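Given next are the chains, with one letter for each unit.
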Amino acid sequence: MQQNCIQIENLSKRYSGSVTDCLSEINLSISSGDKFGILGPNGAGKTTLISILCGVLEQTSGKVKYYDNDHAVNFNMIQSKIGFVPQEYALYQELTPLQNLEYFGALYNLKKNKIAKESRYILDRLGLTSVADKKILSFSGGMKRRVNLALGIIHQPSILFLDEPTVGVDVQSKVAILKFLNELNEKGTTIIYTSHHLSEAEEFCNRIVLIDNGKVIIKGNLQNIMKDHKTENLKELFLEFTGEEYRD
Amino acid sequence: MYKLWVAVKKEYHLLIHDKAGLILMFALPLLLVYIITIIQDSAFRMVNENNISILVVNKDEGEEGKNMIKLMKESGFFDLREDASLEKRNIKKELEEKDILTSLWISSDFSEKIIQKANLVGSSMLTELGLESASNSEKKLSMPQLEFYHDPVLQENYCSSVMNITEAFLKTIEGDLMISELCAQLDLKEAPVQIRNILNDNQIAIKRFSTSSSESEKLPNSTQHNVPAWTIFAMFFMVVSLGNNIVKERLNGSFIRLKTMPSSFFLVLGSKMILYMLVAVIQVILIFSLTKITFPFIGLPELTMPGNTTGFILIVILSALAAVSYALLVGSMARTVEQSHVFGAMSIIIFAAIGGVWVPDFIMPDFMKNLALISPLNWCLEGFYVLFLKGGDWSALQPVVIGLSLFIFSCLALSFLKLKNEKIV
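Going line by line, the protein sequences match chains A and B. According to my numbering, the stretch in the first sequence is residues 1 to 248, in order. According to my numbering, the stretch in the second sequence is residues 1 to 425, in order.
Do not take every clue at face value.
Per label pair, the in silico range of CB-to-CB distance [stated by the list, open to error]: (1) 127/A <-> 278/B: 35 to 41 angstroms; (2) 418/B <-> 9/A: 19 to 25 angstroms; (3) 349/B <-> 170/A: 29 to 35 angstroms; (4) 127/A <-> 346/B: 42 to 48 angstroms; (5) 168/A <-> 420/B: 52 to 58 angstroms; (6) 182/A <-> 349/B: 31 to 37 angstroms; (7) 199/A <-> 22/B: 29 to 35 angstroms; (8) 199/A <-> 1/B: 57 to 63 angstroms; (9) 1/B <-> 223/A: 47 to 53 angstroms; (10) 137/A <-> 292/B: 37 to 43 angstroms; (11) 223/A <-> 19/B: 37 to 43 angstroms; (12) 347/B <-> 170/A: 51 to 57 angstroms; (13) 317/B <-> 182/A: 50 to 56 angstroms.
Derived by calculation from the structure, the hints in this document are not laboratory data. From a predicted model like this one, the values you see are computed outputs, not experimental measurements. The beta-carbon is built from N, C-alpha and C at its ideal position, and this holds for glycine as well.
Let the sequences and hints guide you as you build the complete structure.
Next comes the structure, spelled out in structure tokens:
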């Protein structure tokens, strides 16, 4: 049986000034080695959930446990084990990919040699070796997205959080990113990601949670869910549970 | 240590990419220090070193008008030109055409009336002493007027100085005439010369002292004001570069990513402070050394460095820290790069104007002097004044050090509270 790497218990989040919960009583468990998709329409609470899980936001109530330890108590201890790839290009576009990797690698407490070795490997795997010394300002959206990913995995995290990692990129970049994520997962990295691309999620994830209006609608093994609900694809399942109304 | 080194290196790379920021921090203040010093130096020399240009129109038919001119020439205060043929109505035109700032009109009855006055005073004195019987002559004379014309751009105190000097010469002439008249009436032929000699030999002198505590007293000049003033301006103008840098990081998600990392946010802020402190020190070295070397070659007064080196280093460091802290505050408060850019630059220009960077605060009106106290640039400048003009006395530096320290602490505390409120730290 796989070990739970994240256990979420009765997690709620209400932003200051709001009268409703953005997340309400979320209970989830994510196992080591999972490729876990957090799915839902716009405003469902996906980014809020992933932000709480990686320590960017604080929950209003409930608990998050990493490897059976309380988030609030032990988060500092597991910070070096988690990687975060935000939806924004959270990088310095005036610098080169290598300079960015050196900076963020150092902030993850990596030594100079380790940063150099990992940078070479990651840039090679993401097809960025030839532009390693060029300023990111001149890069395409896909290349920036790949650098953004590289910065989140320089320290070889055990758990990797990705918020819309393939948004706005071309097919080639998307394939390269997903291929690399699969490789990381095969090496033992637990991947937790949000996406609007349901076909991509269907292809990539083994487990999902579908949330809407801050509540868990459905969760579990993707194949089992589809089988139980007799749907042919994730899109059908998604629309069945969330409806076709606009969610602006 | 490696972490800090890499963080400082990252800030360095960001800074050298910011070409506009570099120009604002280095090229612009250097240009301003040269331009403003040259302009202010010529004004300073005009008032302090050049003689006052004056056109004397002497219509006097006697000798006293000539005596007046002689005294003015001998004083060395005036660049005096004479034109006895000029009509009163043409004086204004003459001043404009010949670029002369002032003019003195001496009327035709000047000698006659001033001698009459001397006679009257002399007779009155002898009458009072009982040496002469009272006459029926008039006690009140119709005295002539000297007319003083000046360029309207001249300041009031400048005009008053010229009039006071002229009046002093007038008194000298009157005094001389009275002594001569008195002696003549008493038939004392040698007495006037002897009395004049006694008066001249026993004058009460006024010795002038500057309140500087330095052994080598330095007179304030355009260099001693402008070099430190525009260096402080340069330091504070880093608000544009550093403020933008912080806002960009807040907006692009780098700070958010940092929250997930096992590193303190203070490392990032610390690296920014270290690099920009270095920038400020380089600004001081660059501006001070360049101006010290080049000013004498372009006819400007040489920059004289203060004797209190420790005090100088302390004020440079405090000024740099004040500038960095202010930039951090602006960067933390601004919501957009544009806000940071516009507010940062405008606030420094206003602080510089009211703080005495453009024109020294000691020539400002009282309410502006009080207003200057709200400008951190004024406190920094006061520190440099103490060092450059007042001999760098530690007791005089103390309020500057305390004021700047409080300013630095306040800026850092407010920045921290704002970032804490935004849950960045």
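The hints, checked one at a time:
1. 127/A <-> 278/B: 35 to 41 angstroms: holds, 37 angstroms
2. 418/B <-> 9/A: 19 to 25 angstroms: violated, 33 angstroms
3. 349/B <-> 170/A: 29 to 35 angstroms: The hinted range 29 to 35 angstroms is violated for residue 349/B and residue 170/A, with Cβ atoms some 46 angstroms apart.
4. 127/A <-> 346/B: 42 to 48 angstroms: At roughly 46 angstroms between Cβ atoms, residue 346/B and residue 127/A fall inside 42 to 48 angstroms, so the hint holds.
5. 168/A <-> 420/B: 52 to 58 angstroms: violated, 33 angstroms
6. 182/A <-> 349/B: 31 to 37 angstroms: violated, 56 angstroms
7. 199/A <-> 22/B: 29 to 35 angstroms: violated, 48 angstroms
8. 199/A <-> 1/B: 57 to 63 angstroms: Violated - the Cβ-Cβ distance for residue 199/A and residue 1/B, about 48 angstroms, lies outside 57 to 63 angstroms.
9. 1/B <-> 223/A: 47 to 53 angstroms: holds, 51 angstroms
10. 137/A <-> 292/B: 37 to 43 angstroms: Because 39 angstroms falls inside the window, the suggested range holds.
11. 223/A <-> 19/B: 37 to 43 angstroms: violated, 56 angstroms
12. 347/B <-> 170/A: 51 to 57 angstroms: violated, 44 angstroms
13. 317/B <-> 182/A: 50 to 56 angstroms: Check passed, 54 angstroms falls within 50 to 56 angstroms.
When held up to the earlier numbered hints, the structure conflicts with 2, 3, 5, 6, 7, 8, 11, 12 and fits the remainder.
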